[in-house]
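Residue numbers (the working numbering), protein chains in the order written: chain Z, 63 to 405; chain A, 63 to 405.
FYI, nobody ran anything at the bench for these hints, they're computed from the structure. Check each hint, because a few of them may be wrong.
No copy labels: a pair is met if it fits in one copy or bridges any two.
As the list claims (entries may be wrong) - The list that follows gives simulated cross-link-like pairs (lysine to any residue, SDA-like), each with its CA atoms no further than 20 Å apart:
# : residue 1 : residue 2
1 : K320      : L298
2 : K328      : R85
3 : K188      : A299
4 : K188      : M222
5 : K188      : E304
6 : K328      : S303
Number of protein chains: 2
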Amino acid sequence: MTIALDGFGAEQGFDVLAEGARRAAADGIGVRVFGPERSLGLSGVEGVEVIPTTEWIGNEDDPVHSVRERKEASVVRAAADVAEGNAQAMVSLGSTGATMAAATFGLRRLKGVQRPALAVPIPSPKKPVLFLDVGANVEVRPQHLVQFAFLGAAFSAAVMEVREPTVGLLTVGEEAGKGRPEIVEAHRILKDSPGLDFVGNIEGGDLPAAKVDVVVTDGFTGNVALKVMEGAAKELAGAISEVAHQNPIAAVGGMLLKPSLGGLRKKFDPDTTGGAILLGLRAVTIVGHGSSGPDGVANAVRMAARSVRVDAVGRTAALLREGGAGRAALADEGTAEPAGGPA
Amino acid sequence: MTIALDGFGAEQGFDVLAEGARRAAADGIGVRVFGPERSLGLSGVEGVEVIPTTEWIGNEDDPVHSVRERKEASVVRAAADVAEGNAQAMVSLGSTGATMAAATFGLRRLKGVQRPALAVPIPSPKKPVLFLDVGANVEVRPQHLVQFAFLGAAFSAAVMEVREPTVGLLTVGEEAGKGRPEIVEAHRILKDSPGLDFVGNIEGGDLPAAKVDVVVTDGFTGNVALKVMEGAAKELAGAISEVAHQNPIAAVGGMLLKPSLGGLRKKFDPDTTGGAILLGLRAVTIVGHGSSGPDGVANAVRMAARSVRVDAVGRTAALLREGGAGRAALADEGTAEPAGGPA
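Okay, chain Z solo, but in the shape it has when bound (with noise of 0.2 Å):
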């Protein structure tokens, strides 16, 4: 088991980086990173091997023009070393935008897949929900949100071992005429799906409620759906950190529950999922938080290895294969502009 890791991207350094590679060697899986051999410092780390890259692509790059001009650069080295089968899958803590440009050009899409899409399981308190798309396409059409409820569900069946997840639109209302004309149209075809088990639209609240296995969005709402979601959990976490130091009873009080609440602490932590995966390709791509730790580092890296020893992508691709609407869904262009009314 190997995986390639984009040297670059990490916000807190190559340090930091480096650390979570040793980590994630340590526990056995082979780390192939393109990165500043000097800065890194990684030589001689037993199952880590350095590949010598100096150029990078930045959040302020054009994600596609990047990876298609700059062939030396880490994230489209890392994606080149998957395809030519040096590492099962790559790992990346960059921009979402290159990292989703290398991965696609380089490992190519699933068979009728048009448009692959970042997913995260978010560590809902009641249990996880598989959250889709999270950034990866910022303007959707009604078929690529059909698209990412199969590959949603698929991959919740497959990987995270939910039988039968359920599978929920996020949008305004509960109604199905309820928000953007996409979003009116996907659940027009969804609701008439077989093989799937769409309960239906959801709201914001039903996120974090965990109401369904797999919530569907287009990549704008997912992104900032999610970071409000992380945001406000930092913030009230803090917030009671803040009123148990206002008297010695509340400080006395936050003290005997301090240790009780550190699984719940760790369970919310960005570090400890590892980050996003890019469903819909034909090899495993994890997006690491830029603002890992090496904890989130080695994390990615172990979501990486975890889903190739899955097979994540062979069975979601045989799940969707599987589903007779799904098949139609994914392959057919026009099916989301049927000839016929609403249903």
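Add chain A to chain Z, keeping to what the hints say.
Relative to the frame of chain Z, chain A by itself:
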């Protein structure tokens, strides 16, 4: 001071709505309730007058069509009551779409305002943030987002007493080119708008972190983001309370901490704020939470009364007139598509 209150739409029933009206009236606010006389049971309550109304518009009805056709519906009559001068502001806990349509048709827009926006003060731990649009306009053009920025800044300054409020545009990255096309275009106009402290793009996490005083977005994204945030706070509070029941030490800690947490809980309780305010109209309209308890109803009426007392509409209109750029952006549809290229 008299407020027109829609007597339908309270999910917890007529008793809860009636009790809210009673509590607001006890503060010396006159309340005219449009609803079923017998179910409300408010006869003889000082300061409360029930105007018998049996027709209403629900979430499943088409808002614009229903408001046009059903002149006897409670929310339409409440708006007419304000237009006729019997009340100074209106409050509804019912369908947001119907309330907006009734208010827009019945109360009319401020000069130059194309689309009213629904704004809500977010109870961030750090400072209140005005967030708009949270549901009035599912689809927007660039100039609508520009108008929301000016409306929000004016309300923040006039009513929330923020000196020179900072304004941010909610999207998926800090760089100017990030987001849907209408956001990129709105950013371009806003950054050259004098009379507005536009700080640029902000991301989802900046909303709960209160990075700016006014956060601007479309009504779809705003509605989803608001409900995600409220839901996350609720789920996290529930998870913490569950942890405090896991073992005796944690339970004692929870007990000691509880009194201090009360203030925080109250701050985040949707009933505390009372609701959202529709900006851009010639009279105050408050959209309360459908799920409000008696305090939520009373606080929605109090919010309406307070907004009238500080002359929210007059001061917002004056601030809009003063800001030359604001006036230009508001008055001229063409401002959004100037002849020149990007600056």
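Okay, the hints, checked on the actual structure:
1. In this assembly of identical chains, the alpha carbons of K320 and L298 lie at most 20 Å apart whether taken from the same copy (15 Å) or from different copies (15 Å).
2. For the identical chains of this complex, K328 and R85 are intra-copy neighbours only, at 18 Å inside a copy versus 43 Å across copies, given an alpha-carbon limit of 20 Å.
3. For the identical chains of this complex, K188 and A299 are neighbours both inside a copy (18 Å) and across copies (13 Å), given an alpha-carbon limit of 20 Å.
4. In the homo-oligomer, the alpha carbons of K188 and M222 lie at most 20 Å apart inside one protomer (15 Å), although the nearest pairing across protomers, at 37 Å, exceeds that limit.
5. In this assembly of identical chains, the alpha carbons of K188 and E304 lie at most 20 Å apart only when taken from different copies (11 Å versus 26 Å within one copy).
6. Within a single copy, K328 and S303 get their C-alpha atoms as close as 15 Å, and across copies as close as 16 Å, so both meet the 20 Å cut-off.
In this structure, every one of the numbered hints holds.
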